[in-house]
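So the sequences go chain by chain: A and B.
Its first residue numbered -1, the first sequence is counted upward by one per residue in this note's numbering.
Its first residue numbered -1, the second sequence is counted upward by one per residue in this note's numbering.
Heads up, some of the hints might be wrong.
Identical copies look the same in the list; a pair holds intra-copy or inter-copy alike.
[To be verified] In silico DMTMM-like links for lysine to aspartate or glutamate, alpha-carbon gap of 25 angstroms or less:
hint, residue 1, residue 2
1, K119, D109
2, K183, E87
3, K5, E111
4, K10, E87
5, K122, E87
These are calculated hints, taken from the structure and not from any lab test.
Just so we're clear, the structure is a prediction, and the values are computed from it rather than from any experiment.
Number of protein chains: 2
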Amino acid sequence: MSFTLFKENIEKHVKFSADEFEVFSQAFQVKKVAKKEFLLRAGDICRFEGFVTQGCFRVYILDKEANEKVLYFAVTGWWLSDLDSLINEIPAQFWIQALENSEVLLIKKKDAEALYQQIPKTEKLFRIISQKALIAMQRRLLRNHSDTAEERYLQFISTYPQIAQKLTNLQIAAYLGISHEFVSKIRKKIATRKI
Amino acid sequence: MSFTLFKENIEKHVKFSADEFEVFSQAFQVKKVAKKEFLLRAGDICRFEGFVTQGCFRVYILDKEANEKVLYFAVTGWWLSDLDSLINEIPAQFWIQALENSEVLLIKKKDAEALYQQIPKTEKLFRIISQKALIAMQRRLLRNHSDTAEERYLQFISTYPQIAQKLTNLQIAAYLGISHEFVSKIRKKIATRKI
């Protein structure tokens, strides 16, 4: 089941033959991650790129006052990694934690390198995935500078319709960069408006 | 001369044959951009990816109070674009302005697409360039959260040794996200320390 979603997602970007997809998918390992378990801890070297087939992860950093800043929530169909750590083999800055019982497909760096050689179309796939990740980070950065907190909240629920209702005000606050009291206020305001 | 640096830079990532490099480089156009001239204005559709062969550009956005926030300075050897605008054909959010008389090599989207077909190694090249850009943006984002203003200033001068001395306090302030008075204070403090 994990691989059906994975195949669909990948085929949006490149067309693999059945044999190619077989080789490609065998380079990935399925990993179950229990709620609250860490897939990556800052300080460790990140050894994987991952594709979420089930559940949800939060990818966050700790700022200089040790407050959590959520960079993104990786829900079903999203990729996750600490690319700087993976590529440059330096300690990770990101914490990646499952918010619920989740499943990911993980590929190790050396297996990805082997795939680039074996199935050159993999270059195209990761070129597109990297560009999309770059655009997502660009949008995230711009929103923090140009939108009001309420606009950012509305953008957040449209980006994450699957999980917006499940997250606590504290978790959303750590993503929006505002206080949880303010998230609560915005949620109430929007709820009132809908009545 | 423009193409020597370009070739060196590209050959760090992929090995093109002489013929391949010929085809590859012919897909780019040389463009001179005078000091203060804009290569891209927010609101326009970005139609290029560019490689700086000479000079320096600042890539910035305007926040909700219309203050400039510099995302990065693109110096010789750097790539620049508004990828979200280029790929999704939506109005650019970035302003890209030459800080001095500069020169860039530009490739249009359709010419890049043609290169992907004609010389598949181009996929690898842009996969690597995109991953490096993503890492640069990740570092930029982390630094804003985890370093003090003085640490960020020191990081800034080590990232941009070529231009750090040429920029005004105001330009550096727009990159570090602090007031220009504070930049002035840090510069004085560091100068005193060196005596």
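message: My question is about K10 and E87: at a cut-off of 25 angstroms on alpha-carbon distance, are they close within one copy, between copies, both, or neither?
response: Only across copies: K10 and E87 sit 18 angstroms apart there, 30 angstroms inside one copy, limit 25 angstroms.
task: Go through the copies and call it for K183 and E87: within, between, both or neither, with a Cα cutoff of 25 angstroms.
output: neither (42 angstroms within a copy, 36 angstroms between copies)
query: Between copies, within a copy, both or neither: which fits K122 and E87 at Cα up to 25 angstroms?
result: Both: 23 angstroms inside a chain and 20 angstroms across chains, each within 25 angstroms.
task: Can you give me the call for K5 and E111, within, between, both or neither, at a CA distance of at most 25 angstroms?
output: both (20 angstroms within a copy, 24 angstroms between copies)
- prompt: Between copies, within a copy, both or neither: which fits K119 and D109 at Cα up to 25 angstroms?
  reply: Both, since 15 angstroms and 19 angstroms are each at most 25 angstroms.
The structure shown violates just one earlier hint, number 2.
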